[in-house]
Every structure is written in structure tokens, then in C-alpha cells.
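Enquirer: The residues making up each chain are set out below.
Number of protein chains: 2
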Amino acid sequence: MLGKIAEVLAASRDEYFRLSLLNLGANQADASFDVDGAIYTMKYYAKIGRALAEGKMLKEGALIPLSKSNTFVGQHFLMPAKGAAVFINAFNFPAWGLCEKAAPALMSGVPVVVKPASPTAWLTHRMVEDIIKSDILPPGAISIICGSARDLLDHVREEDIVSFTGSGDTAARVRSHSNVLRRSVRVNIEADSINSAILGPECAPGTDLFDLLVKEVVREMTLKAGQKCTTIRRVLVPRQQLKVFGDAVIARLRSMKVGNPRNPESNVGPVVNKAQQSSCMEGLVKLKEECEVLFGDDKDFQPLDADPQKSAFVQPALLSCKNGRDAKYVHDVEVFGPVATLVAYDGLEDLVAITRRGLGSLVASVFSNEASFTRETILGIGDLHGRVLAVNSAVGTQHTGHGNVVPSCLHGGPGRAGGGEELAGLRALLLYHRRFAVQGPADSITELAGLCADTAALYS
Amino acid sequence: MLGKIAEVLAASRDEYFRLSLLNLGANQADASFDVDGAIYTMKYYAKIGRALAEGKMLKEGALIPLSKSNTFVGQHFLMPAKGAAVFINAFNFPAWGLCEKAAPALMSGVPVVVKPASPTAWLTHRMVEDIIKSDILPPGAISIICGSARDLLDHVREEDIVSFTGSGDTAARVRSHSNVLRRSVRVNIEADSINSAILGPECAPGTDLFDLLVKEVVREMTLKAGQKCTTIRRVLVPRQQLKVFGDAVIARLRSMKVGNPRNPESNVGPVVNKAQQSSCMEGLVKLKEECEVLFGDDKDFQPLDADPQKSAFVQPALLSCKNGRDAKYVHDVEVFGPVATLVAYDGLEDLVAITRRGLGSLVASVFSNEASFTRETILGIGDLHGRVLAVNSAVGTQHTGHGNVVPSCLHGGPGRAGGGEELAGLRALLLYHRRFAVQGPADSITELAGLCADTAALYS
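Chain order of the listed sequences is A and B.
Letter by letter, the first sequence follows residues -17 to 442 of the working numbering.
Letter by letter, the second sequence follows residues -17 to 442 of the working numbering.
Take the hints with a grain of salt, since some may be wrong.
[Unchecked claim] List of simulated lysine-lysine pairs, DSSO-like, C-alpha gap at most 27 Å:
1. A:K(-14) to A:K50
2. B:K25 to A:K50
3. A:K310 to B:K268
[Claimed, not checked] A few chain A residues that don't get close to chain B, going by computed Cβ distances all over 12 Å:
4. A123
5. R168
6. P183
7. D279
8. N305
9. G329
10. G383
11. H384
12. G397
13. V420
14. A435
15. D436
[To be verified] Okay, the calculated beta carbon distance ranges per label pair:
16. A:D151 to B:A439: 33 to 43 Å
17. B:D190 to A:N52: 49 to 59 Å
18. A:D436 to B:S375: 21 to 31 Å
19. A:D151 to B:D151: 41 to 51 Å
20. A:G91 to B:N245: 37 to 47 Å
21. B:A439 to A:N52: 33 to 43 Å
22. A:P120 to B:D190: 37 to 47 Å
23. B:G129 to A:R164: 40 to 50 Å
24. B:G129 to A:E36: 18 to 28 Å
25. A:R155 to B:D229: 26 to 36 Å
26. A:L286 to B:A439: 51 to 61 Å
27. A:K256 to B:S158: 46 to 56 Å
28. A:R155 to B:A439: 56 to 66 Å
29. B:L330 to A:E36: 17 to 27 Å
Keep in mind the hints are simulated off the structure, nothing from the lab.
No residue lacks a Cβ here, since even glycine has one placed at the ideal position from N, Cα and C.
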């Protein structure tokens, strides 16, 4: 069914690009990141789902002896939740945000109710409409609520799962909702994240990794106008490279044209609306309290081919922070637009301490050819990150990207990032299953286990 | 180290029994359930921990290809949390409650801070003192806070784990604490549970399973005076057996002597204090609104060899509910003492619906020789239970007990039971680890993975 859904969505790809432009101001690259990401993720789950045998449950681990004669044994199972998967989604990924959550929920046999963010609900609505009209799924398997969530959380029950993507403030309201608390409703959160990219100590100007990270930073700042949860917000650079790395980023930023996504000369679009534009400006004011603005503070900034009063463009801005240990806003304020801050570090210990100040992030990337530096960085920050990307010269341009969420790898992060887990291949099914132990007669349990796929498939 | 801790604790077993008597009014059987359970659990983890190879992390699953040349790959790891494991424990298991949580935390390399329930902190305090004095663990690996938790939760951080056992009301306060919310502190909850035991439709009086369940119900009601989170609260009986099953339970209850645990004639002790006694009485008042009292409503009930004014005995009470579908308190009110309610059911569908009214429980048990009945019951209720125990005639007395938590099997349950997971062998280590993905050069990742034990060991 997921494969057929992917085909239905792929057939309307052009229309989804059109809605992305109209509703989000997304240029081709921005729309592709969301829409093609959605279709790819759906196809990916259709493919890997074939590794799961048929069955009403999943069997986990071996039989556990519980009596001397082995007549009485234990066995763990994972049973799909019998309620609904309730998605409260973010404005920046109306397509991908739906599909990356819906694919594993539907594969688990759990019906989906999606509440997209109001500013960009249009595309999600169209996709759900197309899925329902295709008659691939049984009636009721997918529903959509547009507009305010109102009393939605008053109606969730013990059997339901709530998966929220959005701000930490709203996440706290979801988690502390009286009905959610009283019923211990399972909640998965993906919230704010001050992601880091790290330039290795040996990466001098002119080296391949120096250049690769410069490109990656600019790509991250400008793609979707920086409106990705995984976007690089802090670039940790050896102190002696701070100036030269900044210059290289700025040179590349200057070549990017911010403006009307309908204009083929423009390659950086607007943020989603005026409210987000204001939010970016407010965040920038805070960052400026402790950072130097290296680029992007032009009073006379003019977007290409667009009315600055009516549109919501933000000039890409690069800042610099010389004292990362004492800084506050750099580690706390996620400016959700084309904004990044260089932070100087002095050695591994300093680097790890500064990176950890993010208090839990979705992703960090390390660009270095020093294997021991990369390893010690991973061991120093891995527990506070959902994903660490390591690039050396052998990898070069073959890496999948700092901000690119691939469905085979975990998406999520602890602490500020919400503590949730999404994707990671078939592990995503865990959210929609309940683990329980059966203790009973060996023959009955063996028979029951025979009806199940094995959870080992989730990790393959 | 865990093995040595178990030896230290075993050496003071008699002293722990003495404290259990003085502080909890526990008789030998009650004290054994807590203290011997604690030592057994510690020994069990010492034993199964040997299956884990040395290593700084755990490796999960296979290498994930991320580039066509396989130069760039992904790998999931589990890293121990770098913070502390904070245990806020319940009064009924001062010994076991410490050890069942501490064993997997310490094995994960995560230091422990335990806040035992004030009424019974004495035994926990003594055990922690003995562990610290033994110098087995590095300094700071285990700490204890006695008395009110005061501002404890103001100090937990992203790296910490809070594991709470106690009432649903307090659980909601833990979960909604502003600092816990803001930092997405990982919280594990084991709360209230209205557990069920089910008599199969074919189990007529005189059959072995009928008698086995009668014994199990009385054991559950009287052991620790019914103060176990896993105790049977509802006994679901085919309607035609309601009367005769009740008579059989009552006959057995009459043979139990409630009274001073120092008196060898007594075999049912008090609840832990006057407050708990009052709480039981209040709960009973509610149950009586919709249930008939079959046994235990004696106005002139007198505990053996004890002053009723000063002591906290509760007469074991058996109630009967003829309309389980419409009942409210039977499914909602956990009387934390020697109290159970028979609930009539009519067929499988009714049984499943009534059992699910518990809205998430730690355990249900099914006594039946009809394999299809047992299987359909498991499939009908498994998602709302942490554990289902199935007993047929082949198993007979070899089962491990409805209320007995064995460390190899999951302890916890969804919904009202808090949604947490404990024990289940090495799965317990999951709570103290953080999953993350590393994407990077194939050779570096292979080297990193080589330093790790494999998570497959968690499920063996």
C-alpha cells in the first residue's frame, strides 16, 4: 500500500511543487527537498517493509526459561497500538513531515490523524486528499484536521500516540496537557535544535575539507531559507581559522541571490510568512548582543524582484562568537532562517564543552581527517545528539549532507531537541508498538511466536 | 561489581529482615519477597551482564550503505547517558525497588541517586550505606536522599534519567515539572494498576485451574497485605461461576490469620501505616457503592495479638461486581491493601472489554486450558498490559506467579500504569542509553563499532 501511495504522490509532484511555491514561497530546490523527500521516504518504507514477515505482532528475542522443566517460559512481543497516531506537524515540511511519520505508522497498522501547521496546511491537505481518493487504504486509515488543534488532546487515549514537531514551548504544552498526563499517552517530540558543524583542527584554508564545510554551511543557510530543524546554526572553527573561514563563507554567500522564487536568477527564497520574518529579526537582535555580524546586516537589503513590504525575505546573516564558553544566546536561540554563527574553539575539550552547550541537538557534523579527533568528538557529544555526521577526504562529496534526514538513520535528539526518535529504518515502527511479556506454556508461546515477524528485522 | 554488591547485601539479610519487620511490619514472607527479591535481582544482572562485551558504547544493527561506493555508511549506537539515574521510589519495596533499578543503571555506567519513600526509607538507607562502605563502587556511583524530595527535580538535566514509582498523581507532577519539561528529561514511570486475573470459561469447580486461581487470588491478597503494584485487583470469572468461585476464595481467606507479624500464628501483616490504612478504607467505601461485599466487612474485626488503635491492619475483603461493563470504581480505584473484586463476564468479547477498562495495567493472568481462548485474550489485551501470564494444566504450579516480577521479563505497563518499562533482562539498559546514528567513513565506523558490544545481546 505504501508503494502505491508513493506512486499516487509522485503522479502529482508538479502540483505539489506549485502549491509549495504558492503557499511557502518555495523555489524548485526548496520544494524538492520537501516533496521529493516525502515521496522518497514513502518509497523507502515500502521497500524495507518487505523484510517484515506477515503477522499480528512482532516477536522480540529468545524464549526465556522460567521453570526447571521448561514447561513454563517467557517471550517478549511488540503489539501495534490499537489507537490512532496523532501527528501535530511543523510548518516547514508539509509534505515530508506527513510522510516520514505516516509511513511507519501505517506499516504498523495504526491509523493516522494529521494536524498540519495552519500556515502551510494546504499541501498536506492536498496530499491526504489524493491518498484518500486513491482508495488504497481502508476507510479511516488517514484523516486530517486543518486549523487550530483546539481540544484535540482532550480526546487522545491510552491507546493513542501523539507525535509532535514544533517549538519547545508548544511541546511542553503537549506533554503537560492534563489528559495526556493522566492517561500517560505516549508522546514523541521533535523540537528546537541548535545544531553544530565542526571544522577539524588540521583543516587549513585551501584543503578539501575546509572548502567542503564552507559549501555545506552556505547550502544549509540558504536551502529552504534555513528553515530546517537540522540546519547548521553554530559552526565551530579552530580559533586561528575564524577569520579566514568567515571570509570564505561570506564570499560564497555574496554569490547567492535572495528573491522571488519565480525569478530564475534567485536562489534563496523567503521564510514562510511575516511572523517568521519578525521572529528571525528578534532572534538576530539577541545574537547580536554577544556576536559580531560578519555579513547580512545591510540596512538597504532588497530582495530581487519582490516587494519588501509584502514579502518575508531575510538576508542571510553570518555572525561570529569569540567566547563560546561564556556565550548564552548562541547556544539557546534558534533563529529559524538563513542565519549561522561561527564559534571559535581551542582544542578538543573546549570543542566538546561548547558543542554540549546546545543541550541536546538533532545533528552535529565533523569535518576532519584526524581519525582520533573525530572519534573523540563522537564519544564526547554522541549522547546529546541524534545523529553525528563525519566527513573526511575519502568521503569527500559522497556524504549525505548535514541537514539531510535519510530515512535509514535516526532523526531526533535529546534535551532541547525534544527527546524523540523518528525514522531509523524499521526502528520507526517501535513508536507505534507496545512491548509486553507473555509468560506461559512453552507450546502455546511457540505457536504464538510462530505467527510473528522477528524484531531483529527492525535493526537490519 | 554487581555480584559483589549482591554478596554484601546477602551477608546482611537477617538485619534487613529485622528492619522490614520494624519499619514495614513485614512478616518473614513479606520481607523475603522484598529483600530476597532484591538480592536475586542483583545477582541476576551480575550473571547476565557477562553476556555483554566490554566497550564504551553498544552497537545496534548493521552498517547502512549511504553512498554507491560504500565509502560513506551509517551505523546506530547506544551510548550511556552521561548524567545520573534519579530514582524516586515507592514505600512498598524499599529493598527490591532500589536494586531492580540500580542494577541496570550501574551496569550502564550511570551513577544512581535514590530518593526512597519517607515512610520506609530506613531499609533503603541501610542498604546504600552497606554498599558504599563495601568500597565496591567508585565514589559517587550511588547516593541517597532521605525525606522530602523538595527541589530535587529543579536540578535534573538533559543528561539525567528520572525513574519514578508511585501514584499517578505524583507521576503527573514529575512529568509536568517545568524543568523536566523544558529539558525533555527522560522520565520512566510505574504508577497505578488495576490488574486482572481471568478464569477460563471451561474451568468448573473442582478443576485444577479453578483451585490454582483460588490459591493465587488469596496469595495475592495477603502477601505483603496486598501492597504490591502487581497484585490482582480484579478477578474476571464466567458469570455462572461467580458465586462458587467467591465461596472458594472466602473459605481459603478464613484460614488466614491477620495480625502481629511477630506472632507465628499470624500470616497476614498490616499495611505500612495509618495513612495507608485510611486510604484502603476510603477506597473500599467507593467500591462498595457498586459492589457487594462477600467477605471482610466485619465491624468487630480484631487483628491477632495487636492493638487495633495503634496498628494498621486491614481485614482482607472480597467484593463482587455483577455489571463490569457499567462499573466505574472497580476499574479506577486501586485499593492498595488486601482487597480484590470478582467481576462476572459473559464470553470473550465481554471479557476483553472489561479487562481493557483498566486503561493500562502491569499484568493480567489467564487460567485456562482452551488454547484459542488464551490466545485471543492475549491478542485482545496485550497492548494494554506489560505482562500477560497464561496458566494451563500442563504448567500447573510451575508458573512464576501473577504478582511476581521476574527480572528476565518486562515490568511496567501503558496508560494508568505509567507507560514505563523496567527489567526485561538486559533491555533494562535501554533506559540508561541514548540511541544515535553515526554517518561517516566506512573504515572509521567499522573501527568504532569494533569497540562496542552488540545490542543483539540485550534481547537474548
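Enquirer: If a hint holds in the structure, say so; if it does not, say that too.
Expert: Cross-check of the supplied hints:
The hinted pair formed by K(-14) (chain A) and K50 (chain A) fails the criterion: a straight-line CA distance of about 51 Å is larger than 27 Å. With a C-alpha separation of about 18 Å, the suggested pairing of K25 (chain B) with K50 (chain A) holds against the 27 Å cut-off. For the hint pairing K310 (chain A) with K268 (chain B), the CA-to-CA distance comes to about 54 Å; that exceeds 27 Å, so the pair is violated. Every C-beta of chain B lies more than 12 Å from that of A123 (chain A), the closest at about 18 Å, which supports listing it as non-interface.
Listed as a non-interface residue, R168 (chain A) fails to keep its Cβ farther than 12 Å from every Cβ of chain B; the least gap is roughly 6 Å. Taking the minimum C-beta to C-beta distance to chain B, about 17 Å, the non-interface status of P183 (chain A) holds against the 12 Å cut. With a closest Cβ-Cβ approach of about 31 Å to chain B, D279 (chain A) is found to remain outside the 12 Å limit, as its non-interface label requires. Distance check for N305 (chain A) against chain B: the nearest CB is about 22 Å away, which clears 12 Å, and the non-interface claim stands.
For G329 (chain A), the non-interface assignment is confirmed: its Cβ lies about 20 Å from the closest Cβ of chain B, beyond the 12 Å cut-off. A Cβ of chain B approaches the Cβ of G383 (chain A) within 12 Å, the least distance being about 9 Å, so the stated non-interface status is violated. Look at H384 (chain A): its CB is around 10 Å from the nearest CB on chain B, not clear of 12 Å, so calling it non-interface is violated. With a least beta-carbon separation of about 3 Å from chain B, G397 (chain A) fails to lie farther than 12 Å from that chain, contradicting its non-interface assignment.
In this structure V420 (chain A) is not separated from chain B by more than 12 Å, as the shortest Cβ-Cβ distance comes to only about 5 Å. Annotated as non-interface, A435 (chain A) keeps its C-beta farther than 12 Å from every C-beta of chain B; the closest such distance is 14 Å. The beta carbon of D436 (chain A) sits about 10 Å from the closest Cβ of chain B, which is not more than 12 Å, so the claim that it is off the interface is violated. Restraint check, D151 (chain A) to A439 (chain B): a C-beta distance of roughly 40 Å satisfies the suggested window 33 to 43 Å.
Taking the beta carbon of each, D190 (chain B) and N52 (chain A) are about 20 Å apart, not inside 49 to 59 Å as hinted. Look at D436 (chain A) against S375 (chain B): about 30 Å separates their beta carbons, and that is inside 21 to 31 Å. At roughly 25 Å, the beta-carbon separation of D151 (chain A) and D151 (chain B) lies outside the given 41 to 51 Å, and the hint is violated. Here the CB-CB span from G91 (chain A) to N245 (chain B) is close to 56 Å, at odds with the stated 37 to 47 Å.
The hint said 33 to 43 Å for the Cβ distance between A439 (chain B) and N52 (chain A), and at roughly 22 Å that hint is violated. A hinted range of 37 to 47 Å for the beta carbons of P120 (chain A) and D190 (chain B) is consistent with their spacing of about 44 Å. For G129 (chain B) and R164 (chain A), the hinted distance range of 40 to 50 Å is not satisfied, since their beta carbons lie about 28 Å from each other. Remark: the range hint 18 to 28 Å for G129 (chain B) to E36 (chain A) is contradicted by a beta-carbon distance near 55 Å.
A hinted range of 26 to 36 Å for the beta carbons of R155 (chain A) and D229 (chain B) is inconsistent with their spacing of about 53 Å. For L286 (chain A) and A439 (chain B), the Cβ-Cβ distance of about 58 Å falls inside the hinted range of 51 to 61 Å, so the restraint holds. As the Cβ distance of K256 (chain A) to S158 (chain B) is approximately 33 Å, the hint placing it in 46 to 56 Å is violated. With their beta carbons about 39 Å apart, R155 (chain A) and A439 (chain B) fall outside the hinted range of 56 to 66 Å.
The supplied range of 17 to 27 Å is met by L330 (chain B) and E36 (chain A), whose beta-carbon atoms lie about 24 Å from each other.
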